[in-house]
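Engineer: Position chains B and C relative to chain A; hints supplied.
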Amino acid sequence: MAPLLKVQDLTTRFRTLDGVVHAVNGISYVLEEGEALGIVGESGCGKSVSVLSVMGLIPEPPGEIIAGQVLYQGQDLLKLDDEQMEHIRGREIAMVFQDPMTSLNPVLTIGRQISEPLIVHLGMGQEEAHRWTVDLLEKVGIPQAADRYRDYPHQFSGGMRQRVMIAMALACAPSILIADEPTTALDVTIQAQIVELVKDLRDQLGMAVIWITHDLGVIAGLAERVIVMYAGFIVERGHVDDIYANPRHPYTLALLKSLPRVDRTSGEKLATIDGLPPDLLGLPPGCPFAPRCEYVVERCVQENPVLEPVGPNREVACWVDVTTRRE
Amino acid sequence: METTITETPQYGLEALEAPPLSLRQLVWLRFRRHKMALAGAVMLILLILYATVGALFFTEAYGNITDTSIRLQAPSAEHPFGTDVVGRDLLARTIYGGQISLMIGLTAVLIVIIVGVLVGAISGYYGGWIDGVLMRFAEAMFNIPTIPLLLVLSKMLSDKVPTIELLGREFSGSVVVITAVIGLTSWMGLARLVRANFLSLKEQEFVTAARSIGASNFSIIFAHILPNTVAPIIVSATLGVANAIISEAYVSFLGVGVMPPTATWGNMLNGAYKYLETAPWTWIFPGSLIVLTVLSINFVGDGLRDALDPRALVE
Amino acid sequence: MTRYIIRRILQAIPLLFIISVMIFMLLRSSGDPIAVMGGRRTTRAEDRERLTRLLGLDQPMHIQYITWLIGNDWRLVDVDGDGIPETPGVRKGALRGDFGDSLMKRGVPALDIIVERLPNTIVLMIPAEIIILAVSLAIGIYSALKQYSLVDQLVTAGSFFGYSMPIFFIALASMYIFAVNFRKWGLPYLPTVGMFDPKVGKTASQVALHMVLPIFSMSVISISGYSRYIRSEMLEVISQDYIRTAYAKGLSERMVLVGHALKNAALPFVTLVGIDVPLLLGGAVVTETIFAWPGMGRLFIDHLGRNDTPVVMGILMMISIAVVFSQLLVDIVYAWLDPRIRYT
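Top to bottom, those sequences are chains A, B and C.
To convert, note that position 20 of the first sequence is 2 in this note's numbering; the numbers rise steadily by one, no gaps.
Just add 528 to wherever you are in the second sequence, counting from 1, and you've got this note's numbering.
Just add 1451 to wherever you are in the third sequence, counting from 1, and you've got this note's numbering.
No lab work stands behind these hints, which were simulated from the structure alone.
Don't take every hint at face value.
To be verified - Here are the simulated DMTMM-like pairs of lysine to aspartate or glutamate, each with C-alpha atoms no more than 20 Å apart in a straight line:
1) Lys802/B to Asp1648/C
2) Lys563/B to Asp0/A
3) Lys121/A to Glu109/A
4) Lys61/A to Glu1704/C
5) Lys1597/C to Glu46/A
To be verified - To spell it out: a stretch of chain B is covered by chain C in this simulated footprint if at least three of its residues, at any positions, have a beta carbon under 8 Å from a beta carbon of chain C; those stretches are:
6) 661 to 668
7) 671 to 681
8) 769 to 783
9) 802 to 815
Glycine included, each C-beta is placed from N, C-alpha and C at the ideal position.
For reference, chain A alone in the conformation it holds in the complex:
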């Protein structure tokens, strides 16, 4: 069965006053129907830019998708013109953003904002869209949905606003929901609620989910497969449980080690990753993680490793085998 979404060698860069920023460097992955995929990495590693590229939301003057294919149901989205992409966005592939306060239009009612895709994409009339919207609001857990249709974003709390955004994204029952760090701006307890909500909705509606985060803890509860990104490259991927149990890339390893855990004895120092995040303006020829890597060897500095399978459904881009410290 052909995958729902197939990203192939996607490369995106930005021209800035200080030079060319290589945000995404030739990444490839697939997404099956109904699957939940997590993309993990620190700020600036290219995870947001990669999904924005898929959606065609990269502003063209500074940004440029210079290579790659994004095959959705067999069609290359990068080759579509604006009008065709407008049919895909919001309808087939929908997105939820990080900060619900700034991502919702402050001068329009939330009801109007949710009804909009229904009217535009599904051709509903005002009344029908209104009813559907109230229905959606109930589904995402907004109490007194009918009354709140006419409310404005600033009248909701952070968690509620994010639910509104989710309702807005799922209005047309898309096949893929992309969530770009949707819980980062929320309290921890609310985070859990939102994750649960998305899981439930996924079970109900059967859509595929791409969940982007820098927080490994969140992914564990939701995704089946995980991609780890660093400096615009994919450095590791595989099944969630597998990666957590046996991380193979030094970066993944370091990430997991740096997670504070309840079961550790107090008095242990929190592990950190030495060094600074990579400068995307001038990437060295070798592995981008080399300057901070514990396992670095000569080859790492000269050659950038490619993703190679190290097990069933498991790939790592590293010259060193972290279990044996040799390759």
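Structural biologist: Below, chains B and C alone, put in the same frame as chain A:
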């Protein structure tokens, strides 16, 4: 297990060879990038030189010699800018007029800064009824249209102030009046700005910290909070000079500003429309000088605003 | 929402009072009205005294203010100096539109003189304001959408120039080019003086023709400044996250602009109108003088030169009231547009 790890080179930290730039250097760097602002600055310097150095070539008296036999002469070798309606040399008058116009601009802005910052700081810092009273007052003044107000005040006070002598030049009292009047009617915008900044800054922790070590209100206002709002004050002041120069020009043009024989670019244009066709040089030269000055100030102000923009400083 | 409106109106009232006090103080300190009224003839001492008492000028300041405000025709004034009020006063008070009688045109109420010229100013100002707003909006939005294009750069450069010119320079230059030189070159030219050609009469087309240069001069400065402002506000709006969300929902550029961006950009635009109205009204003084337009502004200058304080103050007060009301209106419209203010 074999260890094959070599020393981990500290790439990250080594990259920071140059020490981070100070704020002033950063601002200057960003100002330099702004080509228009640089052009403006150059033009401004040239104009200031024109008004100051040019005075070495002519005396003020020369610019005041009236000789109706050569009135309204077109530009010539002897009078490069031509002569005006009573035969005075226009070039000399634009030089000395420039001095006055620029001086009025700068001094008026000084008044604006002093009054505006004081009112804004006190209003914003103390709040309460002082804030209410001051802001009501500012709003009332804000609602009275500026130019008519300037005209009325100017007319009322012009003859009440005597001629003063400063730096070897005689200024008719109207210069002082105009400067004061412009200054006292233009401070409201700055006051509002400063007040807004104070309102937000006084809640910040560094103020609480200062209070906890017993700093007096006076020192908190002037030594702690004020330095943090310097950027918008600078921008506002720069643009205020342009505004003051134009205001003086308007008022003098209408005949209630600076009184002759003291020349300003504005009053040189008074009645110029009578000679619109016959002697265009009488208004083209002083008018263009005003435009160039204000233009260059606006360029510089714009560049400063971009360079000092706090959001962009976080790069 | 109604509560907000009421609150704003209640705020405006003390403001108007403060303004009236300030204007009154200006009025009283600007010379001796009796002397101006007398003109060159010296008045007899008794006449002066009588007049002084009739006009209430011998009263303490705060009484004078109240008299100015609400008049004294509803009570008796002591005119003959014997301490017993017996004559009814003649002042109706500013609240009823009585700003005193003109000192220049003796006996004629200041208000009448002002009102006679008022329509001429309105005829000039309203089209000017509409043109300024419409063109600034168009240029600003276009420049924001086509940022850094050639048109945008030209417009930005041009705005700087337009914004830096004093209005009389633009007026003189445009007069020079479009009136004087056009005539010289045999092209149809524009009139520069007055509201209509007396030989032809006050027809609509005459007035319209005469309006061109004044409105042009006024517009250049304002449009230059405001188009830049709108441009930067529009750019600010376009860069917001919610615009990205709108695109992510699959809306077309037009739908995003009209449905999402414009309403947010309307807010600073409305503020702009609030700023411009007082400037326009105040600037009328200069424009009307240059173009000899028979409006309120010209009246102001003429009577200022002749120390006719009642008329001058009357105009000042009326313009201030207009400004206060326009600000009030702007605030209400702003609150109506921005739900964040409405619901707090």
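Engineer: Which hints, by number, does the structure contradict?
Structural biologist: When the structure is compared with the hints, none of them turns out to be violated.
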